[in-house]
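Top line first, the protein sequences correspond to chains C and B. Count along the first sequence from 1, add 7, and you get the number used in the numbering used here. Count along the second sequence from 1, add 77, and you get the number used in the numbering used here.
There's no promise every hint is true.
[To be verified] Below, simulated DSSO-like cross-link-like pairs (lysine-lysine); rule was C-alpha separation at most 27 Å, straight line:
no. : chain 1 : residue 1 : chain 2 : residue 2
1   : B       : Lys148    : B       : Lys99
2   : B       : Lys114    : B       : Lys99
3   : B       : Lys134    : B       : Lys99
4   : C       : Lys21     : C       : Lys64
5   : B       : Lys119    : B       : Lys99
6   : C       : Lys64     : B       : Lys135
7   : C       : Lys16     : B       : Lys145
8   : B       : Lys145    : C       : Lys51
9   : C       : Lys16     : B       : Lys119
10  : C       : Lys64     : C       : Lys16
11  : B       : Lys148    : C       : Lys51
12  : B       : Lys119    : C       : Lys64
13  : C       : Lys51     : B       : Lys119
14  : C       : Lys64     : B       : Lys183
15  : C       : Lys21     : B       : Lys134
16  : B       : Lys145    : B       : Lys119
17  : B       : Lys134    : C       : Lys64
18  : C       : Lys16     : C       : Lys51
19  : B       : Lys114    : B       : Lys135
Note that these hints are calculated values from the structure, not bench results. All values derive from a computational prediction rather than experimental measurement.
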Amino acid sequence: NAGVTQTPKFRILKIGQSMTLQCTQDMNHNYMYWYRQDPGMGLKLIYYSVGAGITDKGEVPNGYNVSRSTTEDFPLRLELAAPSQTSVYFCASSYPNRGRSNASNSPLHFGNGTRLTVT
Amino acid sequence: GENVEQHPSTLSVQEGDSAVIKCTYSDSASNYFPWYKQELGKGPQLIIDIRSNVGEKKDQRIAVTLNKTAKHFSLHITETQPEDSAVYFCAAHPITTNAGGTSYGKLTFGQGTILTVHP
Chain C
8 NAGVTQTPKF
18 RILKIGQSMT
28 LQCTQDMNHN
38 YMYWYRQDPG
48 MGLKLIYYSV
58 GAGITDKGEV
68 PNGYNVSRST
78 TEDFPLRLEL
88 AAPSQTSVYF
98 CASSYPNRGR
108 SNASNSPLHF
118 GNGTRLTVT
Chain B
78 GENVEQHPST
88 LSVQEGDSAV
98 IKCTYSDSAS
108 NYFPWYKQEL
118 GKGPQLIIDI
128 RSNVGEKKDQ
138 RIAVTLNKTA
148 KHFSLHITET
158 QPEDSAVYFC
168 AAHPITTNAG
178 GTSYGKLTFG
188 QGTILTVHP
C-alpha cells in the first residue's frame with residue numbers, strides 16, 4: 008500500500024489565485040482529514056469526512072472547501088489564496104470503530120504534506 | 078472545545094539521557110491520547126498511544142503516563158539516540174457519537190516539541 012499520498016509537495020501562489028491540494032489513500036479508510044501546520048502552533052483541523060458524500064468543518068475552515076466523492080479521494084480547495092494560508096498542509100485518514108460508545112478511531116495515517124506559500 | 082498545551086517547545090539532551098515531554102488537556106471527556114513523531118519533510122507518525130482506562134504504557138524505550146484527575150499526560154524516552162531527534166506532538170481525542178451510533182472524534186494537537194539528541 009502507498010498509504011496517504013499528497014500532491015503537489017510544494018506550491019507558490021499569488022494572492023487571489025486558486026488551487027486544489029490533492030489527497031488519496033489506498034487503505035480503504037472511511038475517515039479523512041485535512042490539517043494545517045504552522046510553526047509553534049501544532050496541527051489545526053480544517054475539514055474532515057466520515058465517508059463518501061459527507062464532510063464537516065473543523066477548527067479553521069474559513070477560506071477552504073472540500074469534497075468527498077469517493078472513499079479514496081479528499082481534495083482541499085483554496086478559492087482566493089491569502090498570505091494567511093501560507094502553511095504546510097497534511098491530509099490524514101483512519102478507520103472508525105463502530106458500535107462501541109467508548110471507542111475511538113484507529114491512529115491517523117498522515118501524508119507527507121504540501122508546503123504552500125502565498126505571496 | 079478541547080485545548081491541549083505541550084511543554085517544552087524545545088528540548089536538547091545528550092545521547093543516552095532521558096527526555097520527558099508533558100501535555101495538559103482541558104476536556105474531561107477525552108479518553109484517547111496519542112503521541113506522534115514528525116521527522117523533517119515527513120508527516121507525523123504514531124509512536125505510542127494510551128487510553129483512559131490505563132495509567133501507563135510502555136514500548137521498549139518509550140513510555141507514556143496518564144493522570145486523568147490532573148488532566149495531564151507525558152512521554153518518556155529513555156536512552157535517547159540521535160535518531161530520536163524530531164518534532165513530537167501530543168494529542169487528545171474527545172469522543173462524539175452521531176445518531177447512527179458510530180463513534181468518532183477529532184484530534185486536538187499540542188504545539189509540538191523539537192527534540193534534539195546530541196551524539
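How the hints compare with the structure:
Using a Cα cut-off of 27 Å, the hinted pair Lys148 of chain B and Lys99 of chain B holds, with the two alpha carbons roughly 11 Å apart. Proposed proximity of Lys114 of chain B and Lys99 of chain B is supported: the alpha carbons are some 14 Å apart, at most 27 Å. Using a Cα cut-off of 27 Å, the hinted pair Lys134 of chain B and Lys99 of chain B holds, with the two alpha carbons roughly 15 Å apart. Between the alpha carbons of Lys21 of chain C and Lys64 of chain C the distance comes to roughly 25 Å, so the proposed pair stays at or under 27 Å and holds.
Between Lys119 of chain B and Lys99 of chain B the alpha-carbon distance is near 23 Å, which keeps this suggested pair within the 27 Å criterion. The hinted pair formed by Lys64 of chain C and Lys135 of chain B fails the criterion: a straight-line CA distance of about 35 Å is larger than 27 Å. For the hint linking Lys16 of chain C to Lys145 of chain B, the alpha-carbon distance of about 39 Å lies beyond 27 Å, and the restraint is violated. Restraint check: the Cα-Cα separation between Lys145 of chain B and Lys51 of chain C comes to about 24 Å, which is no more than 27 Å; the hinted pair holds.
Taken as a hint, the Lys16 of chain C and Lys119 of chain B pair is honoured in the structure, with Cα atoms around 11 Å apart against an allowance of 27 Å. Between Lys64 of chain C and Lys16 of chain C, the direct Cα distance comes to roughly 24 Å. Compliance with the 27 Å bound is thereby established for this hinted pair. Only pairs whose Cα atoms come within 27 Å are accepted, and Lys148 of chain B paired with Lys51 of chain C is accepted, the gap being roughly 21 Å. A distance of roughly 25 Å separates the Cα atoms of Lys119 of chain B and Lys64 of chain C; the hinted pair therefore holds under the 27 Å criterion.
A distance of roughly 17 Å separates the Cα atoms of Lys51 of chain C and Lys119 of chain B; the hinted pair therefore holds under the 27 Å criterion. Using a Cα cut-off of 27 Å, the hinted pair Lys64 of chain C and Lys183 of chain B holds, with the two alpha carbons roughly 11 Å apart. About 48 Å separates the Cα atoms of Lys21 of chain C and Lys134 of chain B, which puts this hinted pair outside 27 Å; it is violated. With a C-alpha separation of about 31 Å, the suggested pair Lys145 of chain B and Lys119 of chain B falls outside the 27 Å cut-off, and the hint is violated.
The suggested pairing of Lys134 of chain B with Lys64 of chain C is violated, with an alpha-carbon distance near 33 Å, which exceeds 27 Å. Of the pairs offered as hints, the one joining Lys16 of chain C and Lys51 of chain C holds, with about 19 Å between alpha carbons and a cut-off of 27 Å not exceeded. Simply put, Lys114 of chain B and Lys135 of chain B have alpha-carbon atoms about 16 Å apart, close enough for the 27 Å limit, and the pair holds.
Checked against the numbered hints given earlier, this structure breaks hints 6, 7, 15, 16, 17; the rest are met.
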